[in-house]
Structure formats: C-alpha cells, structure tokens
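Protein sequence lines correspond, in order, to chains D and W.
The first sequence begins at 1 in our numbering and counts up one residue at a time.
The second sequence begins at 1001 in our numbering and counts up one residue at a time.
Worth flagging that the hints you see were computed from the coordinates, not collected in a lab.
Note that beta-carbon positions come from the ideal geometry of N, C-alpha and C, so glycine has one too.
Be aware that a few hints might be false.
[Unchecked claim] Covered by chain D, according to a simulated footprint, are these stretches of chain W (three or more residues, beta-carbon under 8 Å):
hint, segment
1, 1020-1027
2, 1048-1059
3, 1083-1096
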Amino acid sequence: MNQFEYELAPNVENAVASGRSNGAVFLAGGTNLIDLMKGNLVRPTRLVDINRLPGLDRIEFLPDGGVRIGALVRNSDLAHDPKFARDFPAVAEALLSGASPQLRNAATVAGNVMQRTRCPYFYDAASACNKREPGAGCEARGGHSRLQAILGWSAHCIATHPSDFSVPLVAFDAVVEIDGPQGRRDVALEDFYLLPGNTPERETILAPGELIVAIRLPAQAALFAGHARYLKIRDRTSYAFAVVSAAAGLRIEGDRIVEARLALGGVALKPWRARAAEACLMGRRAGREEFAEASMLALQEARPSGENEFKIELARRLVVRAFERTAIDNTARLSPLPASIVNLTEEIQR
Amino acid sequence: MKKSPVSMTINGQPVEELVEPRTLLIHFLREQLNLTGAHIGCETSHCGACTIDLDGKSVKSCTIFTLQAEGAHIRTIEGMAAADGTLHALQEAFREKHGLQCGYCTPGMILRAWRLLQENPDPTDAEIRFGIAGNLCRCTGYQNIVAAIKHAAILMAGAQQKEAAE
C-alpha cells in the first residue's frame, strides 16, 4: 500500500476543505476503500478521516414520519434499531443480507452507498478496465460475465452496483444530503448514481470535496411498513453479493393495490427502479397474474451483456416472488434474520 | 513517512505507540505489540481470522487502520483466559465440543462468538450461523463450532446464575 498523509477532520467544513485537494479521499468505515488500497487500485495521497465528525452518527425520526440517517451511522446499528426496522422493514432486511456482522459493524451507511463495483476485472490490476483507466477497454465483455449487468450497461462497462441497502432506498425515494465547497444540496439517490455510458470512471454526481452528510427517507416510505420486503438471490446463502435482488413495497386498501414500489439490485450499475411495473399494479388485485405482468414490464428493456441471459428470467421470477411475499402483511414479522437467508430457505423447503 | 502517536486500551492494558498512517490494526497487534493470537488469513476482510472486539463490536482488524482505533477499547484472544490461565467458557466449549481442528480460525471465531453471546445469550442454530457468517473455517464444516457456541452459552448462563446467587 502506498504511503499517505492522514488527517482527522474535526468538522464538516474542514473535511470538505481537505477533501477538495488533489489525491484526497474520505475515510469512513474503510471496509471497501482499504481493500482497494491494498490492491493499489486506489492510491490516495491524503486520507481525510471523517469518522469523528460530530453529529453524523445519529438516526433522527422526523415529525412527519420520515427518517434522517446520519452518514456515519453503522450498517448494523441502523438494521437493529427497532423503530427503524418496524417503519422501514425492507431497508433493514437489505442491510442484514449484505456482508458479514464484522463488516456491517464497521461500514457506514454513506460508505455503503459509495462502495465500488465488485466486478472482478475492476479488482484485477492486470485486466483492462475503463472504470480504472478510461479508454483502456473492458475485459469483462467476452470474459466471465455471468454476474454482470443486464440493464443500463454500455459497450464501455457492464459492471453492477453491489449495494443491497441502496436498492430499497431507491424504491422508497431516498434523498442524499450532500455538503460541499458550494454549500448543501439534496439529490435523489436514484439520480445520485450515473450509468456508465462513455464515462464509466464517473460513478456518482459528487464533485471534488463533496461529502454525504445524511440519507433521508421520506414519510411516504413508512406508509409501506406493513408490506415491504427485500429478497436477494445469491450463489450461496450467506456472505455473497446478489445475482439479482428486489426491493418491493405495496400499499393495499381492501383487495386493491393503491401504490406499488419496485427496485432491482445486481442488474445494473445503479439500483434499477421499475416504474412501469409499479404503474401497472395500480388499482389491481395483489395476485400472481398481476405480479407476473409487472415482472415482464420490469425487465422489458433488459438484454444480456454476456453469458448472463439467465439473469433476466431469474429477475422476473424474483419480482413475482418478492411481490407475493410483500402482499402478506408483515407487521408482525420482525425477525432478526433477513428473508433471503433463513426464512426464504425455509419457505422454499416447505 | 512521519509516524503518528496512537493510544488505546488492549485487554485492559493502556498502550501508547507510534505508527505509520498505513499500518493496519492487525499488523500493529501482531508485529508491534507481539499479540499474535489474532491471525492473518485472507487479509481482504473475507475470512474473519483477524476478528477482534473493538468498542463493543466485532470487527476485522485487517480492514482498519491503527489510527482509526485511537482511544478504543480492544479485546483479543489473549484477553479471554483468566490471569491464572483458567480458560474462558468459550475456550472450554471449543475444546469440549471439538470446535477446532487446525485452529487457525479459532481466535477470530471465539472473539466473534463472545460478542454474539453478549448480544444474544441464547441463540438458535440459525442465529449462530448467521452470526458467524463472516468467519470461515476450512476444517470443521461448522457443525462442531455451532455446538461449541451453544455449549458455551449454557456454561456462561450457568456462571451468571451462580454469580447472581452468590
């Protein structure tokens, strides 16, 4: 690992000022950054440690029913907060289906959102990667492409975003609060991420020195508390990134759906909001046929980027299953284990 | 590169040292303090052999810079047995239930299991498996590790009841 200057930021203002300088990188939990530095894939000349910024480690429940999550709240603390898990069950479930206890303890919520793709070609310095070195080419194309994107990819990059947490956040309209040299701004998480296009090296809308200070979920997100799930399909039942995942939410009145939410993970370089699928469920019954129709719309633009055509059908089936699980009232279900590990395995075995 | 001062409490002992900013906590523990109980397995935060307890939470010490642990209270496997050498209930249980073969994962496994039992003193098998998902063992197939942790839970609950009675 290269040598670097280390600086402990005392407040947001100083952090932003230091973060602007060339070669500076913010350090929070470090669970992804340190691995990237070990591989010499990221070589900061200055690390600005933001772990002790005052006030950023709080979960604030807002009077209107929304929640403001400080950037430095650890993944495990958020997932195990009883009120948060009750109001936003799909988000808690997504947090618990990612990584391992040790990593969830160290990783922050903003760091989770900021984590880099796990494309093996990005991590292998010997492979060409347009994300690491613009114009170098993409060896993932035509290579091991089983887990790569099926939506929103370009000829320059077919990687996926690995976060579980971000998937329900996008489904429920989370907003990222950013502080920076030009002041504060709020950006919808869905617009925060950039698709690869011709510039896969640009991953988010953040400008140099800009820092996420909080993530907000609006009050409307809590209206789905009784019907919200995160389901994750992966190669082994723990400690693996998603092959495909789905965050689903329903608001049901009588026997009709009055609002639906759906975002897919593991399919693109950002969590994929499926608005056409949501719209087609409005006013309909919460039934298998309706969900199957929604699943076709959710994947209608999908195309394989390599040996991953199976992911399209897998994602469709996951959408149906996620909505079926979501339709069951889950207010009484507050398992400490996420659906994608124990409950789902048991449900499949039954 | 200029070294920076760092201080923390490890297994109840105050420690003050100078480190390079890039020194990882696992290297600091093993090479600078000679606390070689926490192991280096993958060094990429996958295997959990380097698991320690930091401010009441299990973490992987290969993925933390030493300077991030400024002021922290740390427990490693060296802090588990009593000063007179009496093994901790978890160490007893791992021996009793054959929860180890080569022993490489064991210090991390025990530290993780200890924190798991602090958080959940009577876990189910599923909760144990979920709780140790970040600790890889290539010998035992986990069956005996799960049995050891369950056994330790009983020993620790018994010790607590005895303490309360006294």
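We went through each hint and held it up to the structure:
Counting residues of the segment 1020-1027 of chain W whose beta carbon lies closer than 8 Å to any beta carbon of chain D gives 4, which reaches the threshold of three, so the coverage claim holds. For the segment 1048-1059 of chain W, the stated coverage by chain D holds: 5 residues have a C-beta nearer than 8 Å to a C-beta of that chain, and at least 3 were required. Residue count for the segment 1083-1096 of chain W with a Cβ under 8 Å from a Cβ of chain D: 0. That is fewer than the three needed, and the coverage hint is violated.
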